[in-house]
Amino acid sequence: MTSSLILSVITFIYGFSAALYVASWIFKKASIGKAATWITLAAVVGHVAGILLRWVESYQMGIGHAPLSNFYESIVFFSWTLAVIYLVVERAYQNRVIGAFVAPIAFLAMAYASLSPNINDRIQPLVPALKSNWLIAHVIACFVGYAAFGIAFGISLMYLIKHSGRDRNSRLLALFPEQRLLEALNHQMIMFGFLFLSIGIITGSVWANSAWGSYWSWDPKETWSLITWFIYATLLHARMMRGWHGKRLAYISIIGFGAVLFTYFGVNLLPGLHSYSQ
Amino acid sequence: MKPKDPNSPIARIWDFFSSVRLTVVLLLTLAATSIIGTLIPQNASPADYFQAYGPFLFRLFSILDVFDMYHSWWFQFLLLLLTVNILVCSLNRLSGTWKIVFQKNPSVDIDRFRKIPNQTVFTDSRSMDALKAIYVPRVKRRFGYVRMEDTEKGFYVFAEKGRWSRLGVYTVHFSVILLLIGALIGSFFGFEGFVTIPEGEAQSQIHLRKTGDVLPLDFAIRCDSFHVSFYESGTPKEFRSDLSILVGENAVLKRSIRVNDPLHYKGISIFQSNYGKLPPNIITLNLVSEETKMEYRKELSAGQKIDLPEGAGTFVFKDFRNRYPFRGQDLGETVIGTLIAPNGNSEEIVLPLKFPGFDRMRKRALVFSVEEINPRYYTGLQVSKDPGVWVVYSGFMIMILGCYITFFMSHRRLCIEVTPKGNSNRVLVTGTANKNKLSMETVVSKITQDLAA
Ligand code: HEM
Chain A
1 MTSSLILSVI
11 TFIYGFSAAL
21 YVASWIFKKA
31 SIGKAATWIT
41 LAAVVGHVAG
51 ILLRWVESYQ
61 MGIGHAPLSN
71 FYESIVFFSW
81 TLAVIYLVVE
91 RAYQNRVIGA
101 FVAPIAFLAM
111 AYASLSPNIN
121 DRIQPLVPAL
131 KSNWLIAHVI
141 ACFVGYAAFG
151 IAFGISLMYL
161 IKHSGRDRNS
171 RLLALFPEQR
181 LLEALNHQMI
191 MFGFLFLSIG
201 IITGSVWANS
211 AWGSYWSWDP
221 KETWSLITWF
231 IYATLLHARM
241 MRGWHGKRLA
251 YISIIGFGAV
261 LFTYFGVNLL
271 PGLHSYSQ
Chain B
1 MKPKDPNSPI
11 ARIWDFFSSV
21 RLTVVLLLTL
31 AATSIIGTLI
41 PQNASPADYF
51 QAYGPFLFRL
61 FSILDVFDMY
71 HSWWFQFLLL
81 LLTVNILVCS
91 LNRLSGTWKI
101 VFQKNPSVDI
111 DRFRKIPNQT
121 VFTDSRSMDA
131 LKAIYVPRVK
141 RRFGYVRMED
151 TEKGFYVFAE
161 KGRWSRLGVY
171 TVHFSVILLL
181 IGALIGSFFG
191 FEGFVTIPEG
201 EAQSQIHLRK
211 TGDVLPLDFA
221 IRCDSFHVSF
231 YESGTPKEFR
241 SDLSILVGEN
251 AVLKRSIRVN
261 DPLHYKGISI
271 FQSNYGKLPP
281 NIITLNLVSE
291 ETKMEYRKEL
301 SAGQKIDLPE
311 GAGTFVFKDF
321 RNRYPFRGQD
331 LGETVIGTLI
341 APNGNSEEIV
351 LPLKFPGFDR
361 MRKRALVFSV
371 EEINPRYYTG
381 LQVSKDPGVW
391 VVYSGFMIMI
401 LGCYITFFMS
411 HRRLCIEVTP
421 KGNSNRVLVT
431 GTANKNKLSM
441 ETVVSKITQD
451 LAA
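Note that the protein sequences, when read in sequence, are chains A and B.
Numbering-wise (the working numbering), the first sequence opens with residue 1 and increments by one.
Numbering-wise (the working numbering), the second sequence opens with residue 1 and increments by one.
Note that these hints are calculated values from the structure, not bench results.
Accuracy of the hints is not assured; some may be wrong.
Each computed DSS-like pair below joins lysine-lysine, with the alpha-carbon atoms no more than 25 Å apart [said to hold, decoys possible]: (1) Lys385/B with Lys131/A; (2) Lys293/B with Lys277/B; (3) Lys247/A with Lys421/B; (4) Lys298/B with Lys247/A; (5) Lys385/B with Lys298/B; (6) Lys131/A with Lys34/A; (7) Lys298/B with Lys131/A; (8) Lys435/B with Lys446/B; (9) Lys277/B with Lys354/B; (10) Lys277/B with Lys162/A; (11) Lys385/B with Lys293/B; (12) Lys161/B with Lys435/B; (13) Lys29/A with Lys162/A; (14) Lys254/B with Lys131/A; (15) Lys354/B with Lys131/A; (16) Lys266/B with Lys435/B; (17) Lys161/B with Lys446/B; (18) Lys421/B with Lys153/B; (19) Lys140/B with Lys435/B; (20) Lys254/B with Lys266/B; (21) Lys140/B with Lys354/B.
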């Protein structure tokens, strides 16, 4: 049993749990939702086993390093964090409709990591610049932040759907959390994400300083993480302006997640020197 | 801090800079304009830009400093506006927050608490005095500040905690200013340069990255040796330079540096950045005589002339090339020498390392090949000085701390009012928090259970 095999299987389990969450929402079957929770929990456990096994395998190959060093590994970690945070939110707020909007993100990320031909899922040796504990802290913090923003994105979509629903009491919207709760949850996820994104940018810049002697050099990846940070900082402040509630904040949250995705995927299309890609 | 007369120009400017609307506009503008520099590569050569964008855009972009936009006047101006915005806004609100945080005896507006929607009510049949004795210690378990006071008919217990968390936001804003100050110190009093040093040699001046100017250091860096190791796949695993810092003739510091493990000396940091191969200065030749079948070995250094055995003349090690094209093929690393025959005729000799039999093609009595070269590396070092880095790092720590306080702690106030009701007592539990109001509801219901038990 190799870690790659485990992680591929996990991908399908996430797909299954996402489908169950959606089914439980549409058919209003609490039992399906319960099953979805347990299956997600199982996927999370298998997922972390896969990550740990990958770590062990890298040592067996004689190039041991934490499984957080390339594109594939970071996406795998992102989906895991997203699923864990989601389960915590689900437990705290006892609402499984959120799962219908969030679980698919974990599934899509895993599917992209496993299936995209552009992504190399082999365990690769580390080039010297990547051998740093700051880098590990950097990757963990960034992707925990991104995961929280991913959930905020799902919640913002729900907010907009609920808000625009012509018939507020329609069958599908009935199980949605109240708007007030969605708004509070969006804000909470964004505060959590903002803290971790800040830590991520900071540890990344300490790492750059120890590796290259400059803590900030405006390379496109750095700059895009700062753009993302500016967008979420905007959201935190926009809340305090009159008339900036609910809908507009949901839009900023969605734009913010777009910036996250661009930092993550788009920047590789731009010219730059961030060695941490593909 | 706020100017007195609301219509004076200073007051207008003050109001302008204390608005959160300005913050939102500035942050969005910074986000949007930052994108430009990621689409247009920064600090490339003017010729490249000219070719890529044509004369018109080239002129326009040059005027707007787009090719180095993060250091342009307008981008720096936006950052300056943000700084003033943060300062004015924080000063504006600080006195109010200060009063709340550092007051000795917080005033309790019991009427306000009565109107808060977040409240629970129950009745308790124990006597007032018994309740006082029970409630105060129970509340104390959860709150830092607890006060009990009698009212006309009953009493109330007021408690609060996390007052100081209101300062969290100021910490975050202060940290942003620290970062900007640190960056400013770095750009005025620091430098970023690079130097390449061949093994065994020393350098006491570096090239600045921005301008390319030469900057002399008041010490020299000697590269005693350089080592590189590779993975099986051929990618570098680790590179390391053994360096000495020389003041005059003395090595005052000796240390090895690796990527991610720099050396610091007198505020200047030296980082392993890259490396390269230099032409070897010593090679070993192998000579085979076709006539006598004798084999000879000769060591010689670059430019050196040696006498050849069997009276074959002299040989000079003239050049070393990393590539040598030959009939459309690259022979790779190649030694080039000049053979001067006894009769004075000279002839160029090409000795590719990968093809030891190559010289047989000349069909002469003495066949040359290169047995060994002594490869020499140079190390590429980033040499930089940034006296602002500790200011920036303090800003980093304060920002993380401040965000944590701001996001996850709140100022919570609790009020329990007890009034007689018939033979029993009516107990009202209410609470407010300046943030995260949902979780305060949980606190109120937990306290209620606690008190009723
Ligand atoms: C990059 C710059 C800035 C950062 C990173 C930043 C960060 C923050 C954070 C994290 C919060 C807490 C938000 C929350 O509790 O949801 C906050 C609140 C606030 N910020 Fe900023 N801020 C910045 C610039 C500014 C500026 C320029 C102003 C000037 C008007 C400002 C005014 C405020 C105000 C008034 C609050 C609310 C304070 C309160 O809740 O009592 N911020 N800021």
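Verification of the supplied hints:
With a C-alpha separation of about 23 Å, the suggested pairing of lysine 385/B with lysine 131/A holds against the 25 Å cut-off. Note on lysine 293/B and lysine 277/B: the hinted pairing is violated, with a Cα-Cα distance of about 35 Å set against a maximum of 25 Å. Our distance criterion of 25 Å between C-alpha atoms is broken by lysine 247/A and lysine 421/B, whose separation comes to about 46 Å. Proximity of lysine 298/B to lysine 247/A is assessed by CA-CA distance (about 83 Å); at most 25 Å being required, the pair is judged violated.
A C-alpha spacing of about 47 Å is found between lysine 385/B and lysine 298/B, which places the hinted pair above 25 Å, so the restraint is violated. The suggested pairing of lysine 131/A with lysine 34/A is violated, with an alpha-carbon distance near 43 Å, which exceeds 25 Å. Between the alpha carbons of lysine 298/B and lysine 131/A the distance comes to roughly 43 Å, so the proposed pair goes past 25 Å and is violated. Distance restraint check for lysine 435/B and lysine 446/B: the Cα-Cα separation of roughly 18 Å lies within the 25 Å cut-off, and the hinted pair is therefore satisfied.
Between lysine 277/B and lysine 354/B the CA atoms are separated by roughly 17 Å; this keeps the pair inside 25 Å, and the hint holds. For the hint pairing lysine 277/B with lysine 162/A, the CA-to-CA distance comes to about 64 Å; that exceeds 25 Å, so the pair is violated. Among the hinted pairs, lysine 385/B with lysine 293/B is inconsistent with the structure: their alpha-carbon atoms are about 62 Å apart, more than 25 Å. Distance hint between lysine 161/B and lysine 435/B is fulfilled; the C-alpha atoms sit about 13 Å from each other, no more than 25 Å.
Straight-line distance between C-alpha atoms of lysine 29/A and lysine 162/A comes to about 20 Å, which keeps the hinted pair within the 25 Å bound. Between lysine 254/B and lysine 131/A, the direct Cα distance comes to roughly 23 Å. Compliance with the 25 Å bound is thereby established for this hinted pair. Using a Cα cut-off of 25 Å, the hinted pair lysine 354/B and lysine 131/A is violated, with the two alpha carbons roughly 34 Å apart. Of the pairs offered as hints, the one joining lysine 266/B and lysine 435/B is violated, with about 47 Å between alpha carbons and a cut-off of 25 Å exceeded.
Taken as a hint, the lysine 161/B and lysine 446/B pair is honoured in the structure, with Cα atoms around 16 Å apart against an allowance of 25 Å. For the suggested pair lysine 421/B and lysine 153/B, the alpha carbons sit about 10 Å apart, so the restraint of at most 25 Å is met. Our distance criterion of 25 Å between C-alpha atoms is met by lysine 140/B and lysine 435/B, whose separation comes to about 21 Å. Distance restraint check for lysine 254/B and lysine 266/B: the Cα-Cα separation of roughly 14 Å lies within the 25 Å cut-off, and the hinted pair is therefore satisfied.
For the hint linking lysine 140/B to lysine 354/B, the alpha-carbon distance of about 83 Å lies beyond 25 Å, and the restraint is violated.
Checked against the numbered hints given earlier, this structure breaks hints 2, 3, 4, 5, 6, 7, 10, 11, 15, 16, 21; the rest are met.
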